[in-house]
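Visitor: Take a look at the letters that make up each chain.
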Amino acid sequence: KNQVEQSPQSLIILEGKNCTLQCNYTVSPFSNLRWYKQDTGRGPVSLTIMTFSENTKSNGRYTATLDADTKQSSLHITASQLSDSASYICVVSEPHAGNNRKLIWGLGTSLAVNP
Amino acid sequence: EAGVTQFPSHSVIEKGQTVTLRCDPISGHDNLYWYRRVMGKEIKFLLHFVKESKQDESGMPNNRFLAERTGGTYSTLKVQPAELEDSGVYFCASSQAPYGYTFGSGTRLTVV
Numbered sequence: 401k402n403q404v405e406q407s408p409q410s411l412i413i414l415e416g417k418n419c420t421l422q423c424n425y426t427v428s429p430f431s432n433l434r435w436y437k438q439d440t441g442r443g444p445v446s447l448t449i450m451t452f453s454e455n456t457k458s459n460g461r462y463t464a465t466l467d468a469d470t471k472q473s474s475l476h477i478t479a480s481q482l483s484d485s486a487s488y489i490c491v492v493s494e495p496h497a498g499n500n501r502k503l504i505w506g507l508g509t510s511l512a513v514n515p
Numbered sequence: 044e045a046g047v048t049q050f051p052s053h054s055v056i057e058k059g060q061t062v063t064l065r066c067d068p069i070s071g072h073d074n075l076y077w078y079r080r081v082m083g084k085e086i087k088f089l090l091h092f093v094k095e096s097k098q099d100e101s102g103m104p105n106n107r108f109l110a111e112r113t114g115g116t117y118s119t120l121k122v123q124p125a126e127l128e129d130s131g132v133y134f135c136a137s138s139q140a141p142y143g144y145t146f147g148s149g150t151r152l153t154v155v
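So the protein lines, in turn, are chains A and B.
Using my numbering, you'd call the opening residue of the first sequence number 401 and step up by one each time.
Using my numbering, you'd call the opening residue of the second sequence number 44 and step up by one each time.
Bear in mind the hints are in silico, worked out from the structure with no lab data behind them.
Every residue gets a Cβ at the ideal spot worked out from N, C-alpha and C, and that includes glycine.
Some clues are possibly wrong.
[What the hints assert, rightly or not] The calculated label-pair distances, taken between Cβ atoms and stated as ranges, are:
{"hint": "1", "chain 1": "B", "residue 1": "116", "chain 2": "A", "residue 2": "441", "range": "33 to 43 Å"}
{"hint": "2", "chain 1": "B", "residue 1": "84", "chain 2": "A", "residue 2": "422", "range": "18 to 28 Å"}
{"hint": "3", "chain 1": "A", "residue 1": "446", "chain 2": "B", "residue 2": "52", "range": "20 to 30 Å"}
{"hint": "4", "chain 1": "B", "residue 1": "101", "chain 2": "A", "residue 2": "426", "range": "13 to 23 Å"}
{"hint": "5", "chain 1": "A", "residue 1": "417", "chain 2": "B", "residue 2": "82", "range": "23 to 33 Å"}
{"hint": "6", "chain 1": "A", "residue 1": "472", "chain 2": "B", "residue 2": "113", "range": "41 to 51 Å"}
{"hint": "7", "chain 1": "A", "residue 1": "453", "chain 2": "B", "residue 2": "48", "range": "32 to 42 Å"}
{"hint": "8", "chain 1": "A", "residue 1": "446", "chain 2": "B", "residue 2": "128", "range": "23 to 33 Å"}
{"hint": "9", "chain 1": "A", "residue 1": "495", "chain 2": "B", "residue 2": "100", "range": "14 to 24 Å"}
{"hint": "10", "chain 1": "B", "residue 1": "101", "chain 2": "A", "residue 2": "417", "range": "24 to 34 Å"}
The shape of chain A in the complex, shown without the other chains (with noise of 0.2 Å):
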């Protein structure tokens, strides 16, 4: 059973709407946990990054929320765009000795915003 799931799996929606994706983790402790936008044939790209003593953080049209106790987070993507059509992959990193991180990463939710 991975450490990171999210869901839904994938999801299909309107332009102009907004949407909420899930994130549960088992990974603890934890050192920061972070979103990232990957879009078809890129490296992921970072959207947000959250320590555990976060509960939410903010990227324009994205919120990411952290409740560090029931080990749960989501990304909220508001007025969705068709350039937001990509997966949104959920990683948690585990806590560091020196320069040593590694990152546990979701299996992402595929989005896709059609006009």
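Given the coordinates of chain A, work out where chain B should sit on it, guided by the hints.
Guide: Same frame as chain A, now just chain B:
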């Protein structure tokens, strides 16, 4: 500033052949990471360089995989001999700050 560059972008090789993937990190980034995504699975850590030294190679699947980082600049990941299960997308990332990972576009490796 140039990003993380990986090449080739795609590689198709026969089982038993050798393939070498290259990653050019952002200039000045001491940390370089290799990750791999096998179809249907999550991205997984392979190894981490700090300059030219291997900091953590616990994610390397087996001894058919060899990573090097000459002079602490670019890195290569060689698979010899390649097996069918090695197919996937290999990502490289570099960072200097604690959180500032920048990923390359990946190399899609297909072993037939």
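Visitor: Would you mind marking each hint as holding or not holding in the structure?
Guide: Verification of the hints:
1. B:116 / A:441: 33 to 43 Å: violated, 26 Å
2. B:84 / A:422: 18 to 28 Å: holds, 20 Å
3. A:446 / B:52: 20 to 30 Å: Given a distance of about 22 Å, which is inside 20 to 30 Å, the answer is holds.
4. B:101 / A:426: 13 to 23 Å: Holds, at about 19 Å.
5. A:417 / B:82: 23 to 33 Å: holds, 30 Å
6. A:472 / B:113: 41 to 51 Å: With Cβ atoms ~43 Å apart, the hint holds.
7. A:453 / B:48: 32 to 42 Å: Since the Cβ atoms of residue 453 of chain A and residue 48 of chain B sit about 36 Å apart, the hinted range of 32 to 42 Å holds.
8. A:446 / B:128: 23 to 33 Å: For residue 128 of chain B against residue 446 of chain A, whose Cβ atoms are near 29 Å apart, the range 23 to 33 Å holds.
9. A:495 / B:100: 14 to 24 Å: holds, 19 Å
10. B:101 / A:417: 24 to 34 Å: For residue 417 of chain A against residue 101 of chain B, whose Cβ atoms are near 42 Å apart, the range 24 to 34 Å is violated.
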